[in-house]
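Asks: Position in the sequence shown (first residue = 1) + 1341 = the numbering used here.
Just so you know, not all the hints are guaranteed correct.
[To be verified] Label pairs and their calculated CB-CB ranges:
1. E1472 to P1627: 29 to 39 Å
2. G1616 to R1491: 16 to 26 Å
3. G1616 to D1406: 37 to 47 Å
4. W1544 to P1400: 34 to 44 Å
5. P1580 to M1527: 38 to 48 Å
6. A1358 to K1589: 39 to 49 Å
7. Q1360 to D1566: 32 to 42 Å
8. P1495 to D1566: 19 to 29 Å
Think of the hints as simulated: they come from the structure by calculation, not from any bench.
Here the structure is a predicted model, which is why all the values come from computation and not from measurement.
All C-beta atoms, glycine included, are put in the ideal place defined by N, C-alpha and C.
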Amino acid sequence: MPRITTPDGISLHYEEAGQGTPILFIHEFGGNHESWEPQMRYFARRHRCITYAARGYPPSDVPTDVGRYSQAIAVADAVAVLDGLDIAKAHIVGLSMGGFATVHFGLRAPGRALSLTVAGAGYGCEKEHEEYFRNVSLEVARRFETDGARAFAPTYGAGASRVQFQNKDPRGWQEFAERLATHSDMGAALTMRGVQARRPSFWDLEAELKAMTLPTLVIVGDEDDHCLQPGIFLKKTIPACGLCVFPKTGHTLNLEEPDWFNMHLAEFIAQVEAGRWEVRDPRALPGQIMRTD
1342 MPRITTPDGI
1352 SLHYEEAGQG
1362 TPILFIHEFG
1372 GNHESWEPQM
1382 RYFARRHRCI
1392 TYAARGYPPS
1402 DVPTDVGRYS
1412 QAIAVADAVA
1422 VLDGLDIAKA
1432 HIVGLSMGGF
1442 ATVHFGLRAP
1452 GRALSLTVAG
1462 AGYGCEKEHE
1472 EYFRNVSLEV
1482 ARRFETDGAR
1492 AFAPTYGAGA
1502 SRVQFQNKDP
1512 RGWQEFAERL
1522 ATHSDMGAAL
1532 TMRGVQARRP
1542 SFWDLEAELK
1552 AMTLPTLVIV
1562 GDEDDHCLQP
1572 GIFLKKTIPA
1582 CGLCVFPKTG
1592 HTLNLEEPDW
1602 FNMHLAEFIA
1612 QVEAGRWEVR
1622 DPRALPGQIM
1632 RTD
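All chains, full assembly: derive it from the sequences and hints.
Replies: Spelled out as structure tokens, the structure:
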């Protein structure tokens, strides 16, 4: 199995395909590196595509200390993958937990990113839901730890923003649920405690996000309720950010609507590489409805 080793000694499994400008795909909590298969197949036709299993997700190492899991460490691991493959810059694409890592990648390592695609990111960001999110994250961690991934996967996989995928594509959802059932019980619990439950809200990063000029695309489903407002916030805050909303769509965007996802991501990358994805025109004043002078 191809592997790279992070600066703190964790071995990460990765896969790659294709040639061209690199794209690094970062997976969500409920998925793994295999969740990006529809994108790996599509974009490898003209890009060097890389995906990897985050720490805590076999076949990558599963550290047993919660202190070895955090949002900052997740970004450092993404950079380590690029370093291990001798890639100076890449388009960074992340879903959910991977979307948070993508935002923080742009803040911590902007010189290594050609662009950022932030899909389905926002759980726990809304200030009024922060405490609830932390508490439910700890409960999810407990369930993975005590019940195990195989027993808990059907419950977690049928969440309010997952049933859209189940209704549209039962076979695809079943594959997702079966992958979820193979998660490391310990790795899932420690990831939830160390990364998910402790990550900062986007609203706490407002000043930093306003200063980040990387080309950014935010993608969200209109039935992924707790990502909608965070997505709009990112659109209003990041200077070169576009927002794409998929109708009648939940959280598992790249699998639920792979054709839409691939189409919009391909167009975004093409515009970035043509130098045409720019910061918002200063004449587009958010407070103006109609111009009268």
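Asks: Does the hinted range 16 to 26 Å hold for G1616 and R1491 at CB?
Replies: violated (49 Å)
Asks: Check the following: the C-beta atoms of G1616 and D1406 are separated by a distance inside 37 to 47 Å.
Replies: holds (45 Å)
Asks: Determine whether the Cβ-Cβ distance between P1495 and D1566 falls within the hinted range of 19 to 29 Å.
Replies: holds (22 Å)
Asks: Range first: 34 to 44 Å. Now tell me if the beta carbons of W1544 and P1400 are that far apart.
Replies: The hinted range 34 to 44 Å holds for W1544 and P1400, with Cβ atoms some 36 Å apart.
Asks: Within 32 to 42 Å or not, the Cβ separation of Q1360 and D1566?
Replies: At roughly 40 Å between Cβ atoms, D1566 and Q1360 fall inside 32 to 42 Å, so the hint holds.
Asks: Hint says 29 to 39 Å; check whether the CB-CB distance for E1472 and P1627 agrees.
Replies: holds (30 Å)
Asks: Should the hint that P1580 and M1527 are 38 to 48 Å apart at their CB atoms be regarded as holding?
Replies: Between P1580 and M1527, where Cβ atoms are some 41 Å apart, the hint holds.
Asks: Taking the beta carbons of A1358 and K1589, is their distance inside 39 to 49 Å?
Replies: Distance hint for A1358, K1589 is violated at roughly 31 Å.
Hint compliance for this structure: hints 2, 6 are not met, and every other hint is.
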